[in-house]
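Throw the hints in and build the complete structure from the sequences for me.
Number of protein chains: 2
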Amino acid sequence: MSSFKILEIKKSIFENNDKQADELRQELKGKKTFLLNLMSSPGSGKTTTLKNTILALKDKINIGVMEADIDSAVDAVTISETGVKVIQLHTGGMCHLDASMTKQGLEGLGIENIDLAILENIGNLVCPAEFDTGAVKNAMILSVPEGDDKPLKYPLMFTICDVLLINKIDVMEYFDFDINKCIERAKKLNPNIKIIPISAKFGDGLEEWTNWLYQEVQKWIK
Amino acid sequence: MSSFKILEIKKSIFENNDKQADELRQELKGKKTFLLNLMSSPGSGKTTTLKNTILALKDKINIGVMEADIDSAVDAVTISETGVKVIQLHTGGMCHLDASMTKQGLEGLGIENIDLAILENIGNLVCPAEFDTGAVKNAMILSVPEGDDKPLKYPLMFTICDVLLINKIDVMEYFDFDINKCIERAKKLNPNIKIIPISAKFGDGLEEWTNWLYQEVQKWIK
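Residue numbers (the working numbering), protein chains in the order written: chain G, 3 to 224; chain B, 3 to 224.
Misleading hints may appear alongside valid ones.
If several chains are the same, the list does not tell them apart, and a pair holds so long as it fits within one copy or across any two.
Stated by the list, open to error - Once the Cα atoms are required to be at most 27 Å apart in a straight line, the calculated DSSO-like pairs of lysine-lysine come out as:
| hint | residue 1 | residue 2 |
| --- | --- | --- |
| 1 | LYS7 | LYS190 |
| 2 | LYS7 | LYS183 |
| 3 | LYS203 | LYS13 |
| 4 | LYS60 | LYS224 |
Calculated directly from the structure, the hints in this document are not laboratory data.
Shown next as structure tokens:
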């Protein structure tokens with residue numbers, strides 16, 4: 003049985019989002035909750051990646067998920083099937099979440115005893131990159147069908163992320179996608195970005211990703 | 003030899019975008035120029051579709067293209083290879099174009115003798131849907147790898163478009179994409195939307211699309 007709340011997020015009244023984000027991070031540190039902000043284009047495989055990430059980690063740490071969307075609850079339905087706590091956030095047409103909106107989501111979710119809270123942000127490579135949500139780490143997914151030129155076109159997103167998952171590598175042969183060029187372009191923008199090619203559908207690369215995430219959570223909540 | 007200008011677009015100072023958009027459409031009617039606003043997620047195949055659309059129509063009508071991006075000029079390079087007039091618009095981080103920004107682009111492009119001006123909007127399913135650019139028709143591309151649930155998650159985009167091109171049908175068998183469900187979801191939001199499945203890469207469906215576009219241009223400029 004899937005069961006989750008739908009929360010209508012209110013627009014922020016705060017002008018200084020960076021300050022709100024820093025305060026939220028401090029609050030999360032005190033509560034021993036790690037917040038991951040997961041971003042990508044529409045349809046890059048965020049929800050499938052997330053589902054398999056949860057299945058790999060849920061017996062080791064307590065996970066809660068916030069699914070942010072303009073509309074619908076299809077992702078919350080999918081994630082709730084894993085058995086973890088999930089809330090669907092509706093942004094009322096807004097194209098991103100900032101720190102105060104994320105805080106509303108965390109309060110709606112309830113993070114007592116949650117080690118890892120994951121925000122699945124709105125599918126958009128532009129606006130979410132501009133707003134610090136208060137997350138401890140930012141991760142993004144770029145899928146092979148989207149093309150290897152995306153770091154050139156959406157540089158800020160690649161610059162602010164700690165991890166880049168290159169998804170759908172199982173269909174690489176059907177697309178003109180030069181993974182070396184893609185990696186080179188991302189590293190030029192952000193030399194410290196960790197890049198992991200994955201197939202969320204078939205599991206390739208997911209162990210490296212979930213190991214990294216698990217270790218980051220441990221460092222934060224210890 | 004590719005050659006094109008890069009124009010840094012200024013943020014609008016007008017509060018009433020709908021009024022600006024209507025005025026721009028009237029101006030275009032007077033000048034006998036049809037403006038198409040082409041939207042989609044990043045990496046859905048806008049530029050490839052556009053390139054093949056131009057090759058199919060450029061001997062029959064005069065075409066000019068505005069490539070809008072946050073950064074880079076990769077799309078303008080690709081389009082300029084077709085020989086049509088092209089300008090690269092940089093939005094300075096902005097996630098969409100409104101009517102006044104589009105007007106700046108048209109002035110930069112120069113539309114004397116242009117029958118069909120095409121705006122390749124920022125790759126984003128959220129923000130561009132909220133702003134009337136002054137276009138005569140709106141078209142969007144959804145590509146098969148993005149998934150058949152996108153009308154549920156980005157309803158406004160599907161509601162405001164006159165045409166939906168479902169691209170990358172050549173890779174349909176490698177993805178869980180139910181085209182009938184996708185069409186049903188789009189038609190529920192927008193019963194009048196024209197839906198054409200295409201493969202921009204291999205040409206399927208492009209004749210139906212370019213015929214439709216050619217006829218709309220003729221109706222507008224006659």
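Status of the hints after comparison with the structure:
In this homomeric assembly, LYS7 and LYS190 come within 27 Å of each other (Cα to Cα) only across copies, at 25 Å, whereas the closest approach inside a single copy is 41 Å. Taking the shortest Cα distances, LYS7 and LYS183 sit within 27 Å of each other only across copies (26 Å), while inside one copy they are farther apart (42 Å). Proximity of LYS203 to LYS13 under the C-alpha cut-off of 27 Å is found in neither arrangement, the shortest distances being 35 Å within a copy and 41 Å between copies. In this assembly of identical chains, the alpha carbons of LYS60 and LYS224 lie at most 27 Å apart only when taken from the same copy (18 Å versus 64 Å across copies).
The earlier numbered hint that this structure contradicts is number 3, and it is the only one.
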